[in-house]
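**Student:** Residue numbers (the working numbering), protein chains in the order written: chain P, 195 to 553; chain W, -16 to 292.
The hints are simulated quantities; they were obtained by calculation from the structure and are not laboratory data.
Errors might be hidden in some of the hints.
As the list claims (entries may be wrong) - Straight-line C-alpha distance at most 30 angstroms; calculated DSSO-like pairs for lysine-lysine:
#, chain 1, residue 1, chain 2, residue 2
1, W, 246, W, 72
2, P, 361, P, 323
3, W, 283, P, 323
4, P, 371, P, 323
5, P, 323, W, 279
6, P, 519, P, 361
Note that the structure is a prediction, hence the values are computed from the model and not measured.
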Amino acid sequence: MAEIVLRDLVKRFGPIAAVAGVNLRIEDGEFLIMVGPSGCGKTTTLNMISGLETPTSGEIRIGDRVVNDLEPGERGLGMVFQDLALFPHMTVFENIAFGLRVKKTDGAEVERRVKAAAEAMHIGALIDKRPSECSGGEAQRVALARTIVNDPSVFLMDEPLSSLDAKLRLDMRTELKHLHHRLRATFVYVTHDQAEAMTMADRIVVMQGGRIEQVGAPLEIYRRPATRFVAGFFGIPTMNFLEGEVAAGGEGDGPAFRSTRVEQPLSASTPTDVAGRAAPLGVRAEHVRLVPSDDGGGRVTLTEPLGDETLVFFEYGGAAPLVAKVDPDSPLGPGDPVAFEFDREWCHLFDAEGGARLN
Amino acid sequence: MADARSRFRHHRRAWVRHAILLAWTFFIVFPLYWMVSTSFKGAGEWVSWPPHWYPHDFTIHNYRQIFTFSALGEELSRDATDQAFSIWKALGDSLLICSVASFIALVLGVFLAYAISRFAVGGSKFRHIILTIRMVPPIVIAIPILMYYAIMIPFTTEVLFGTRIILFDTYFGLGALYVATTLPFVIWMMLSFIDEVPYTLEHAARMMGAGRMYTLRRVVLPLVASGLVVTYLFVFILNWSEFLLALTLTHPEVTTLPVLLNKFQSASEGRLYGPQAAIGTVITIPVVILGVLIQKHLIKGFSFGMIRK
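From just these sequences and the hints, can you work out the full model?
**Tutor:** Written out as structure tokens, the structure is:
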């Protein structure tokens, strides 16, 4: 059906390489999400797949065809845009019918397919309205219906949920996932929202500076980030980072991470060649254990109760405060002295220079 | 207490505002009124002193004079011009040249504006350069154009093709010049409308297989319809009231209304203000009718920002 292969894809705008050599295989029927900060090249990559941008070099393959020189409309793709791009002067019906009209589909057939697509997106009642009369969520459904009606094998989506309010966005996430299950089409979805990526994707592509940092399943990316950038990008709150170096285990108990204020034993599986190197350590809030203690070296500055858990920010004498996730019933409050410890199996070590993962 | 005072101040401000606006309206409308009222005055009242603020001796004589088909009758010819002018020919010429030239300028301008808006044709500053064409006063180009129309082009075509092509005093000659002189305005105005049509609308259409022309026809043009109407009217009025080029480049075959207006003079009485006022009134009417017909578009077009997401 519609496997997409990107080979050595490059896009330059003048001297700037927006996409600097991307290689990626998107499986048929996969929900793939490209995520990264703005300017990372994710939208440009999507636009090259769609045909709205022409690659400077490299090859795009959809199914068994190289599509570099094909017009967007000839690639068999459907796209949902960030601003939805509904035609304001047409009714919802004509919006959905647009693609069919371009192909000069017979009138009765248009009627039937538009109705079916509208029903599928639960907007049957809106068919005679203008896009401006639709709410944000309704407009979203119209945009999806307009794409579905053309029956594409690949759906491209460029931050389609960014204009919705928070509650609606959560609902639409669920709905998009259902839609993907139902259609069994390939979804390529671009967002800067890591939570959106985590919740919907089969696989996530993390991009930065025009390059792919990591490709993997959501949990894999969360648990074993390939670079310091990925580690910092995923997860709320942001991962704690400590600057320091790795000391070889000499006292009979494995390697350890040392900074001026912290000595943290590391997992026995830590590669031995890391020893002696400067390596920032990253640890997520849920892997930081706090206990009230007068001589632990930490002092709580702030707590943020989230309901199911509480975030505790504490100073330890390092550059930036650390954060830990604790039980919501924890008695800790600002000013309380604490001792802290990291779960040694969940300590991530990164290269001080390039940021690549070391353990 | 404070409430009453603020209401008083609010009222006073409204009064002042309305007084200023009324005074301004009077200032603007008075010449129009004077033109219309003069068109109904007899010859003795045109320049009487003290002025007759309204026609004391109401007459449609001036209109009869300008609308006369044939040679002037006995009772008219005395105070009419030395030549017998009728407005019908000029009205037809003006309508033909202005409507066609404006339409051609509009069609060309829309495509040019589209190209400049979407592909930055001519570089990012080009859109500002376009208007500099209009910085040249028409008088500067009128005479050189006359040289070309009357001498250079006829001479060159005779040498090259054996037939003399004369653009002087032709519909095509004047019309082509109107297209050229109004094109910058069309481009400039349409740019602001087309810029407002989000490019993603066209991307969406392209993704669904629509070609460039189909997208223009079904998506872009309908969205700038108000802009098209407003631009057409604006350009039409420019051409409709253009005097200098028409005066220089036509005579005696093609006559536009502004030129005709100027011809109403007589050797014995100088300017014939009555017929001139009547022509002025007649010239104004089509523009007013056009304006009323497209009122809805005018309001939309002049308020821009018409595409709400």
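**Student:** Each hint needs a verdict: does it hold in this structure or not?
**Tutor:** Structure-based check of each hint:
For the hint linking residue 246(W) to residue 72(W), the alpha-carbon distance of about 14 angstroms falls within 30 angstroms, and the restraint holds. The hinted pair formed by residue 361(P) and residue 323(P) meets the criterion: a straight-line CA distance of about 24 angstroms does not exceed 30 angstroms. The suggested pairing of residue 283(W) with residue 323(P) holds, with an alpha-carbon distance near 21 angstroms, which does not exceed 30 angstroms. For the suggested pair residue 371(P) and residue 323(P), the alpha carbons sit about 27 angstroms apart, so the restraint of at most 30 angstroms is met.
Between residue 323(P) and residue 279(W) the CA atoms are separated by roughly 21 angstroms; this keeps the pair inside 30 angstroms, and the hint holds. For the suggested pair residue 519(P) and residue 361(P), the alpha carbons sit about 24 angstroms apart, so the restraint of at most 30 angstroms is met.
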